[in-house]
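There are 2 protein chains.
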Amino acid sequence: MTYCVGMVLEKGLVLMSDTRTNSGVDNISVFRKMFHWRVPGERIISVMTAGNLATTQAVISRLEERTKAPEDRQNSLLGLPTMFQVASETGKLLRETVRETQDNNGSRGRGRFTASMIVAGQIAGMEPRLFMIYPEGNFIEASFDTPFFQIGETKYGRPIILRGYDREMSFEDAVKLLMVSFDSTLKANLSVGLPLDLMVIARDQFEPTHARRIEQTDPYFDAISSSWSDALRAAFHSLPDYSFYQPHEDAE
Amino acid sequence: MTYCVGMVLEKGLVLMSDTRTNSGVDNISVFRKMFHWRVPGERIISVMTAGNLATTQAVISRLEERTKAPEDRQNSLLGLPTMFQVASETGKLLRETVRETQDNNGSRGRGRFTASMIVAGQIAGMEPRLFMIYPEGNFIEASFDTPFFQIGETKYGRPIILRGYDREMSFEDAVKLLMVSFDSTLKANLSVGLPLDLMVIARDQFEPTHARRIEQTDPYFDAISSSWSDALRAAFHSLPDYSFYQPHEDAE
Numbered sequence: 002m003t004y005c006v007g008m009v010l011e012k013g014l015v016l017m018s019d020t021r022t023n024s025g026v027d028n029i030s031v032f033r034k035m036f037h038w039r040v041p042g043e044r045i046i047s048v049m050t051a052g053n054l055a056t057t058q059a060v061i062s063r064l065e066e067r068t069k070a071p072e073d074r075q076n077s078l079l080g081l082p083t084m085f086q087v088a089s090e091t092g093k094l095l096r097e098t099v100r101e102t103q104d105n106n107g108s109r110g111r112g113r114f115t116a117s118m119i120v121a122g123q124i125a126g127m128e129p130r131l132f133m134i135y136p137e138g139n140f141i142e143a144s145f146d147t148p149f150f151q152i153g154e155t156k157y158g159r160p161i162i163l164r165g166y167d168r169e170m171s172f173e174d175a176v177k178l179l180m181v182s183f184d185s186t187l188k189a190n191l192s193v194g195l196p197l198d199l200m201v202i203a204r205d206q207f208e209p210t211h212a213r214r215i216e217q218t219d220p221y222f223d224a225i226s227s228s229w230s231d232a233l234r235a236a237f238h239s240l241p242d243y244s245f246y247q248p249h250e251d252a253e
Numbered sequence: 002m003t004y005c006v007g008m009v010l011e012k013g014l015v016l017m018s019d020t021r022t023n024s025g026v027d028n029i030s031v032f033r034k035m036f037h038w039r040v041p042g043e044r045i046i047s048v049m050t051a052g053n054l055a056t057t058q059a060v061i062s063r064l065e066e067r068t069k070a071p072e073d074r075q076n077s078l079l080g081l082p083t084m085f086q087v088a089s090e091t092g093k094l095l096r097e098t099v100r101e102t103q104d105n106n107g108s109r110g111r112g113r114f115t116a117s118m119i120v121a122g123q124i125a126g127m128e129p130r131l132f133m134i135y136p137e138g139n140f141i142e143a144s145f146d147t148p149f150f151q152i153g154e155t156k157y158g159r160p161i162i163l164r165g166y167d168r169e170m171s172f173e174d175a176v177k178l179l180m181v182s183f184d185s186t187l188k189a190n191l192s193v194g195l196p197l198d199l200m201v202i203a204r205d206q207f208e209p210t211h212a213r214r215i216e217q218t219d220p221y222f223d224a225i226s227s228s229w230s231d232a233l234r235a236a237f238h239s240l241p242d243y244s245f246y247q248p249h250e251d252a253e
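Chains as they are written, first to last, in the working numbering: chain D, 2 to 253; chain Y, 2 to 253.
Don't read these hints as lab results, they were simulated from the structure.
Built from N, CA and C at the ideal position, the CB exists for glycine as well.
Incorrect hints may appear among the rest.
[Claimed, not checked] Listed below are several chain Y residues computed to face chain D (Cβ distance under 7 Å; list not exhaustive): (1) K156; (2) Y157; (3) G165; (4) S185; (5) H211; (6) A224; (7) A236; (8) F237; (9) L240; (10) F245.
Chain D extracted, bound-state conformation (with noise of 0.2 Å):
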């Protein structure tokens, strides 16, 4: 499994993954579902996977080719002109990657081999934009509404980021937010794991402002895992009590 969540903030994106694939609960190894590309000054543009790990591999590679082959920089991530079309264009790839397996396998390869990917950017001139597509290539746009994307095991972790989520919010506490999205998640399904992955990317900047990998020890995790479980705990004792007795009137 997988958990990956992409926020757009009136600053900028802010961006998580964790690190672990499956294949069973008997073979756990870890690899890295956030990539990026850019162009100094100009573009940043990153990719989060989710699904069939073959699938996600030979998309990024594909993805990364192309900006390898300097004639061919139309169809690239550093060349296409709008975030738009690099999430169309990722979405194609990702389309015709699934499609390519399962038509390989036959009707054993139906409905499987499948994934998903959060894209994340800005181009020089534009917004900072965020999509989120589906197997099937076609892709959907954050919006003022709906200003993040989840991605895998997205469940546990998204009540407190619905709670939490504000887009004025600085980027530490965008960070804070997901760290604790994220400790609900591996506290309940194992197949999501530490390390993860993190990346800010600050409105016009263009480059990542803050990006790294969060260990098995590193401390703030372990501090917000632990102080949030204390804090949940009193947030708890916090709320009016329940009473078998009275007819509740008054708990307003």
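Following the hints, put chain Y in place on chain D, whose structure we already have.
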């Protein structure tokens, strides 16, 4: 969809279920998913259901019918000697009902019409017990290490239960915890909805200590829902702040 939780505490059992059923998002109804049977002073048994409504209603009707046939008490919830046999008999009925509908529909029925159940209760002279029953009719029992079961849309509301559950907690705190868990689920999945059914069964009482329906306009649920947003935000801000520029060694 559905969300039901059953919990074993030192003091007894706490059960909560939603009541929304849907067949598509444009066909939503309210159906009870929590049922109970009792022999005063001797036993109380509750069943909660998730999954195909025709299946679960058929199982509940069959369970109910057996309790009405006094000459055939040995297979009835009111006559079976142990909670283990209650779970076993309920599982058998569930499996038979699922199979029957599947077989009646030939190959189109495969994998459909499934349901799962939580069975909770106590029979005099024995401990309160809690079981989760799979569509295949087999089942597992709650233990000291896994003292609660969820069925239906389980993921959104799970992290808070994992953090908040304490075997020694009061019934009131357990109800509060479940309300928070249900609120997170309701906020994330439209197909889980109010009203909720709540039942508390104190050890050795063999009757509902407290049972009520939490309606759309329940002031306590409203208070929990709005206070929880504030409390979570406060909890979040109480966590150590993330910083881009420190190595975080002091964050412990």
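(message) To test your reading of the hints: which numbers does this structure violate?
(response) Failing hints: none at all.
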